[in-house]
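A.B. asks: Residue strings, one per chain:
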Amino acid sequence: MAKFEKANSVGEWLDQRLNTTLLNKVMMTEYWIPKNINFLWAMGVLLATTFVILIVSGIFLMMYYKPDVNLAFDSVNYTIMQEVAFGWLFRHMHGVAASVVFLVIYIHMFTGIYYGSYKQGREMIWISGMLLFMTFSAAGFSGYMLPWGQMSYWAAMVITNLFGGVPVIGDALVVWIRGDFNVADATLTRFFMLHVFLLPVVIMGLIGLHFYTLRIPHVNNQDSEDIDFDAEAEKYLSGNTKDAKVIPFWPVFISKDLAVLGIFLIFYFYLVFFHYEFAIDPVNFDPADSMVTPAHIYPEWYFLWSYEVLRGFFFDVGPIKAFDIGLAAFGFANAIFLLIPFLDRDPAILPAHRRPMFFIWFWILMIDLIVLTIWGKLPPTGTNAYIGFAAALAFIVIFLALPIVSKLDAKKRGV
Amino acid sequence: MSDKTNRRDFLGYSFAAVAAVGGAASLVGMKKAWDPLPSVLAGGFTTIDLAPLKPGNPGTFKWRGKPIFVLKKTAEMENSDRDLVVGSDRFTVAIGLCTHLGCIPAWKDQVWKCACHGGEFDASGKQTFGPPPRPLDLPPFEVEGSTLVLGNEGPEAKKIADFLATQA
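So the protein sequences, as listed, match chains A and B.
For the first sequence, the positions run 12 to 426 when the numbering used here is used.
For the second sequence, the positions run 2 to 169 when the numbering used here is used.
Quick caveat, the hints were computed from the structure, so don't treat them as lab data.
Every residue, glycine too, gets a C-beta built ideally from N, C-alpha and C.
Some clues are possibly wrong.
[Stated by the list, open to error] A few chain B residues facing chain A, derived, Cβ under 8 Å:
| id | residue |
| --- | --- |
| 1 | Arg9 |
| 2 | Trp35 |
| 3 | Pro37 |
| 4 | Arg65 |
| 5 | Pro68 |
| 6 | His101 |
| 7 | Leu102 |
| 8 | Gly103 |
| 9 | Cys117 |
| 10 | Gly119 |
| 11 | Pro132 |
| 12 | Pro133 |
| 13 | Pro134 |
[Unchecked claim] A few chain B residues that don't get close to chain A, going by computed Cβ distances all over 10 Å:
| id | residue |
| --- | --- |
| 14 | Asp36 |
| 15 | Gly66 |
| 16 | Ala107 |
| 17 | Asp110 |
| 18 | His118 |
| 19 | Gly152 |
[To be verified] Distance condition first, Cα-Cα at most 30 Å in a straight line; then the derived DSS-like pairs of lysine-lysine:
| id | chain 1 | residue 1 | chain 2 | residue 2 |
| --- | --- | --- | --- | --- |
| 20 | B | Lys67 | A | Lys77 |
| 21 | B | Lys33 | A | Lys77 |
| 22 | B | Lys67 | A | Lys388 |
| 23 | B | Lys127 | A | Lys77 |
| 24 | B | Lys127 | A | Lys388 |
Chain B with its partners taken away, still in its complex shape (with noise of 0.2 Å):
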């Protein structure tokens, strides 16, 4: 009688194990499928030319879908550690999405503004008013002569983030 009881649980549990391995298998797969398609993640190199900026007036550039804030600093602008220098110029990079929930803020009055949350941050891309919990995210880039190369991190924009990492 034992033996037999013994026999169904084997069977019981071996069942459950089959079933058990291929439910994790069939997540694995679903979770893949909603991953981002290779295509999406190979998504290109953005080059901006920082010449033609004009102090004062950030240009808005679009890498990976998302829009990039770079903003030639005036003299009357406090400087930051988060400054890119290159030559003589100051310049602030940063991913123009609200730190929030992502809205793109608005170049108003010297600051950036968020229309979503009311979110506010300084021409140095730090957060002043409102839920922000960081300042304006960096994007990884190069600097090559007085272009900016947005996709991979070059010795600039590692210093900014170890910069940004202390920040918190």
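Next up, chain A with everything else stripped away, as it sits in the complex (with noise of 0.2 Å):
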């Protein structure tokens, strides 16, 4: 056994037993990040800040909700809203933190994708990034179940039945899924396990896998410079921390992290105090029905573009059901990002406006992107049919073409 010596104070005890100045440098005073960013490198943080917002508003709402069909609508709108003190603020904060922290992630993903911060190294930052996307989108979804307004049920309802596209098994794998032949009490009670207990461990799994995938292959930067970390650390280390390109996480990184976080707090609580209505949808205040669909059911804004994809396909091709053709797209479009690094064939690092071809390409993505969002959240009929169409088949066109796209630019720089 080691030999412990006296300790002269609290600190010195711990550090003893625990490493605990080893371990503050590893993570912290020496973990380097590049000078050379934008406030876009700040989505981390925020990401983690506000999922600590939805766990700790989170535990408030569970203390009085309740999960059972004949019980669940009222403890919402009645107990947490109206008796529980600020349960309506627990529930607003939490409601437009689930909304908004798909509005950061996407800004996070983008920033990844237009600096190209996925490959060379970088492809496990990138897979671990979009399991957690999947796993925030399966507890948005599982959440949005809770209050079991119409929106709730109706939203469960189509989703759960999308697993009726699986073939052989699908009719019975709903049926299992739901614990009953249609969206029910059964059906609520574990959605809620799986939204209160599992996602958030697997989530939290992932965000520690998230970290550790940066240690390694270190942090992008807005040229996409090669940098030496070791060499870098050791500048700034010796005093020299103006020619350094590299800062630490912390104290100096991280200040310049809590600037952008005071700006996106104020923005997030302007949302929460004056605005919540954009994350609860005013359908929901009407209790779940089994027995009436709602005129027009459209998923929150941040499932629009898939939900586009899913429902583009409108018409059969051949033999081949307007359903599975919708199906398979919709799988695709989720599955899609994940294959970035490997879609990419140019093997420089570079930002977008530096590769000329994948510039056109990121930014009619967006485009495309923007106008599924939009046409979303239209009902599906007439010439909207056809512009969502045209914007679900462009969306895998252009995922298509990003092969192509990027071995161009690289062929044009002589690679």
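Each chain sits in its own coordinate frame; assemble them with the hints.
C.D. replies: Laid out in structure tokens, this is it:
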């Protein structure tokens, strides 16, 4: 056993036993971040903070929420909203955070795509991030069900029915997932479990993995410059902080982050106090009714693009049913982002504005996603159906074109 | 030496086998815990009286938590092999959930229109527009005089189900 000497302070006592000094260096004061970055690099800390807000507000909601079809609606809309002191605040904080977390995730994702921060050793950062996006989506969906209003019920109906598209076992799978022939009490209780326990635990694990994936390839920078982190860190530690291309995560990088976080939180609390309604659909204030589908249903804004890909294919092609085409396209849309590191055939890491073809590709993708999002909310009738179809088809073509587009850029530079 | 290695391999494989059996058994248990409960599976029968239905105006009934559409056809509506003929009347009987993703279509201008993704079904339950992959589903039922009993498949329902199977 190691020899322990008498400690002169609590800090020293802990250091002897837990090596806190080294831990602090590795995790904080000697974890190096490039200097040449902008506010878009603050999104990770924003997301971590928003996740904490979700956990804390969720804990308070969970103390009064009742996962039972007869009690759920009133436990939210009466008990939490009207009786519990600041219950309304925790609900609005939770709902708005669930919505803006996707806004920040999208900014984070598209920053990564724009600066090429997913290749040449950074693939696992991207993949673990996309797994986080998927688990956040599942958490968003399962949480949306809990207030047991009309939108909750019919969203659950539509999403669980998607599993009916699985060959052979589809219909049985849907009944198994629901625990009933339709969305019912068993469904609500199990999705409650997923929302408050299993998915948050998985998310926490993935966040740990996501942070860890950054250690070896390090954070990318604005000009995608290849930095020798060891040499630059040495420069910084020897006192030449001006010439060093890196800064320590704590306290230097974090101080920039906290400034961006401050602005974000002002925006977030402005929404919480003055515009919470955008995250809470009025239709969801009608209790769930299995016998009436609301006149027009749509998912929350962050799912609209993939929803529009799903329903964009509204006609059969030969023997293939529209339902199966839509489902296949939906599967494609949800899986394809995961594969970006392997679809991009340009070996260089460069920001999009230094990759002429890729730059155009990137902005076409942005425009298509915006079109899909807008038309995802409109009723799928007449011209809307055709615009939705065109945008959904374009989405697939855009991704199929990525290997060619990225290869052309590489060729032009003579690689 | 090789004896020792074999002995260790054997122990390793034995451990893996026991762990695999235990793991598989617990997966079966977990899968079954998610199955519908017996009380849910037992979910009863629903009786529908056809007499009060007005032609061209479908009634909606509830069976095992799902809406059931029963439409008494008017003389102008096209006949279909799917029609349930009771006396001189023709009926369309269907589970009132869009075969796309399960929303409840609403009866509007002689068709069932689904608000979710724009699917449409005609008075015979056949899909005529949008993503639905097949006609509205048929619930199992028996005809007793002028009433329908939902739950078991009688000869009339069987005949229509056979016809629908040919339609895919």
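A.B. asks: Against this structure, judge whether each hint is valid.
C.D. replies: Hint by hint, here is what the structure shows:
Annotation: interface hint on arginine 9 of chain B violated; nearest CB of chain A at approximately 31 Å, more than 8 Å. At a threshold of 8 Å, the smallest CB-CB gap from tryptophan 35 of chain B to chain A is about 6 Å, leaving the interface hint in force. Interface hint at proline 37 of chain B: satisfied, since its Cβ lies 5 Å from the closest Cβ of chain A, which is below the 8 Å cut-off. At its closest, the beta carbon of arginine 65 of chain B sits 5 Å from a beta carbon of chain A; the interface hint therefore holds under the 8 Å criterion.
The interface hint given for proline 68 of chain B is met, as the beta carbon of that residue sits about 5 Å from the closest beta carbon of chain A, less than 8 Å. Of the supplied interface hints, the one on histidine 101 of chain B holds, with its beta-carbon coming within about 6 Å of a beta-carbon of chain A, less than 8 Å. Checking leucine 102 of chain B against chain A by beta carbon gives a least distance of about 4 Å; that is within 8 Å, so the hint holds. With its C-beta approaching chain A no nearer than about 4 Å, glycine 103 of chain B sits inside the 8 Å limit, and its interface hint holds.
Because the beta carbon of cysteine 117 of chain B sits about 5 Å from the nearest beta carbon in chain A, less than 8 Å, this interface hint is met. A cut of 8 Å between beta carbons decides the hint on glycine 119 of chain B: the least distance to chain A is about 4 Å, and the hint holds. With 8 Å as the threshold, the beta carbon of proline 132 of chain B comes within range of chain A, its nearest partner Cβ sitting at about 4 Å, so the hint holds. Checking proline 133 of chain B against chain A: minimum C-beta separation of about 7 Å stays under 8 Å; hint holds.
At its closest, the beta carbon of proline 134 of chain B sits 4 Å from a beta carbon of chain A; the interface hint therefore holds under the 8 Å criterion. Remark: the non-interface label on aspartate 36 of chain B conflicts with the geometry, its nearest Cβ contact in chain A lying 6 Å away (cut-off 10 Å). With a cut of 10 Å on Cβ distances, glycine 66 of chain B falls inside the contact zone with chain A, its closest approach being about 4 Å. With a least CB separation of 8 Å from chain A, alanine 107 of chain B falls inside the 10 Å interface cut-off, contrary to its annotation.
In this structure aspartate 110 of chain B is separated from chain A by more than 10 Å, as the shortest Cβ-Cβ distance comes to about 13 Å. For histidine 118 of chain B, the shortest C-beta to C-beta distance to chain A comes to about 4 Å, within the 10 Å cut-off, and the non-interface label is violated. Look at glycine 152 of chain B: its CB is around 12 Å from the nearest CB on chain A, clear of 10 Å, so calling it non-interface holds up. Restraint check for lysine 67 of chain B and lysine 77 of chain A: the C-alpha separation of about 24 Å stays at or below 30 Å, so the hint holds.
As the CA atoms of lysine 33 of chain B and lysine 77 of chain A are separated by approximately 24 Å, the hinted pair is consistent with the 30 Å bound. Restraint check for lysine 67 of chain B and lysine 388 of chain A: the C-alpha separation of about 27 Å stays at or below 30 Å, so the hint holds. Between lysine 127 of chain B and lysine 77 of chain A, the direct Cα distance comes to roughly 41 Å. Violation of the 30 Å bound is thereby established for this hinted pair. Under the criterion of a C-alpha separation no larger than 30 Å, the hint pairing lysine 127 of chain B with lysine 388 of chain A is consistent with the structure, at around 27 Å.
Checked against the numbered hints given earlier, this structure breaks hints 1, 14, 15, 16, 18 and 23; the rest are met.
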